[in-house]
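There are 4 protein chains.
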Amino acid sequence: MLREFPLNKPGLHPFAELIGLHFTTIADGHSQCDLEVNGKLMNPHNVLHGGVVYSMADTGMGAALYSRLNEGEICATVEIKVAYFAAVSSGTLVCNTRVIHKSQAIAVMESEIENDGKLVAKAMGTYSIFKAKRE
Amino acid sequence: MLREFPLNKPGLHPFAELIGLHFTTIADGHSQCDLEVNGKLMNPHNVLHGGVVYSMADTGMGAALYSRLNEGEICATVEIKVAYFAAVSSGTLVCNTRVIHKSQAIAVMESEIENDGKLVAKAMGTYSIFKAKRE
Amino acid sequence: MLREFPLNKPGLHPFAELIGLHFTTIADGHSQCDLEVNGKLMNPHNVLHGGVVYSMADTGMGAALYSRLNEGEICATVEIKVAYFAAVSSGTLVCNTRVIHKSQAIAVMESEIENDGKLVAKAMGTYSIFKAKRE
Amino acid sequence: MLREFPLNKPGLHPFAELIGLHFTTIADGHSQCDLEVNGKLMNPHNVLHGGVVYSMADTGMGAALYSRLNEGEICATVEIKVAYFAAVSSGTLVCNTRVIHKSQAIAVMESEIENDGKLVAKAMGTYSIFKAKRE
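Just so you know, the protein sequences line up as chains H, L, X and B, in that order.
Each residue of the first sequence is one higher than the last, beginning at 1 in this note's numbering.
Each residue of the second sequence is one higher than the last, beginning at 1 in this note's numbering.
Each residue of the third sequence is one higher than the last, beginning at 1 in this note's numbering.
Each residue of the fourth sequence is one higher than the last, beginning at 1 in this note's numbering.
A hint or two may mislead.
Claimed, not checked - Calculated lysine to any residue pairs in the SDA-like style (CA-CA distance at most 20 Å, straight line):
no.	chain 1	residue 1	chain 2	residue 2
1	L	Lys-131	L	Ala-87
2	X	Lys-131	H	Ser-103
3	B	Lys-102	H	Glu-114
Since the hints were made in silico from the structure, they are not lab data.
A quick note: this is a predicted structure, and the numbers were derived from the prediction, not measured.
Bound conformation, chain H alone (with noise of 0.2 Å):
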């Protein structure tokens, strides 16, 4: 269940389409991401930007906690902290992201980022929930 979730309709998440990231799964507290190694995405050394690996995974953990949210909650990002193990210059990169604790009003998340099989990527974030206004 999506509950609004904007798994990639064009249109809805302008930089997930700038970035080329979509959404294979979102439920039960885990979401999957991917997106194809491009030559828009560099940095100077040729080498996949590190702040597209950290936007899988901040996307990611979003839909993932969004599977768990009740009706009429949203949640924003607190703080994200990115390890990197390898660099990325080609493939296609995948971002696995489960909930590992969730309380009324603080969750943390952890993503793991693969490169064609290959872990490359590690982050743990925390998001605060709160009562979306009445609009």
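Go by the hints and put chains L, X and B onto chain H.
Chains L, X and B only, in chain H's frame:
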């Protein structure tokens, strides 16, 4: 002195171009870069994606550290933690970064990101320093 | 104003006593605590255990935040990241902490730890703020 | 194989003795240590001080990494982030740590801390690896 840092030249830093990041200072262990918030950088809530803010910090840390490296040295991100203080929906972001510790093999930087003068995020990160391979 | 913060009174903060931590300032979103390095705090390499430095930051963050809480509010550590810049083997440690962001439910603090005037570690951490249960 | 790791011997690791930490496993990039919660480790709210949990992770990471070092190599903590999921007031803490990445100069470990079988904290940290100076 930039020592080949790809300061804003078209084609040299594709991901910086993709998100609209430009440097205004790189010197003496300090860097400053800025970015105009625009619709392509938004998340589904019409708020700036956290990955953009993170990318400013990551890029800014590399630049700040480059200004302190010796001839023939390069660096890579080991890990970065970023904390968010406010949502951003428009205006200009400015990211100031400085080296707060540097040994032979490790450096630590911190970045403060302001949106129209208001502190909206802070990051602290670790880079490794190593000799570039002769080509 | 301390609002029941157990400033150095014997028996009030057992772990602070165990490691020899004392507060010298708690006010206006800032705290300062210090500690004399001694043999009981060492690791097998005869260097101060990193957990002691961390404990100064964690305790200092709680104290700095307490000075900004409203009546009936308490706080708890959500997460802390600490980075070490130098090994410590003797002398005095002083930890200065300040609140760098505070909303209704979340606060972010940073701590700088000096050993005889030299910066040896820096930490950034998140606390949650909530209403104390009536007893 | 412990390669000089001071496994629980009185006098070898003063801070571990001070807080009551004991190792039960150090092998193949994994370590396990435990600790009985007691009154000396409490904060003013009569809850275990977060520095104790952190110290288990930091000590456990060093031990897990030592089991993977080569002859003549030593390591030091670069940075650790710890996230707390529940307060601890009694019982036994068990900290399991494993190396999740290791290059020549850098290693990344993660630790999970359980209190009587319940996950109460998780940490991810970076260590540097270097040659020990000949004495």
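Can you give the numbers of the hints that this structure goes against, from lowest to highest?
1
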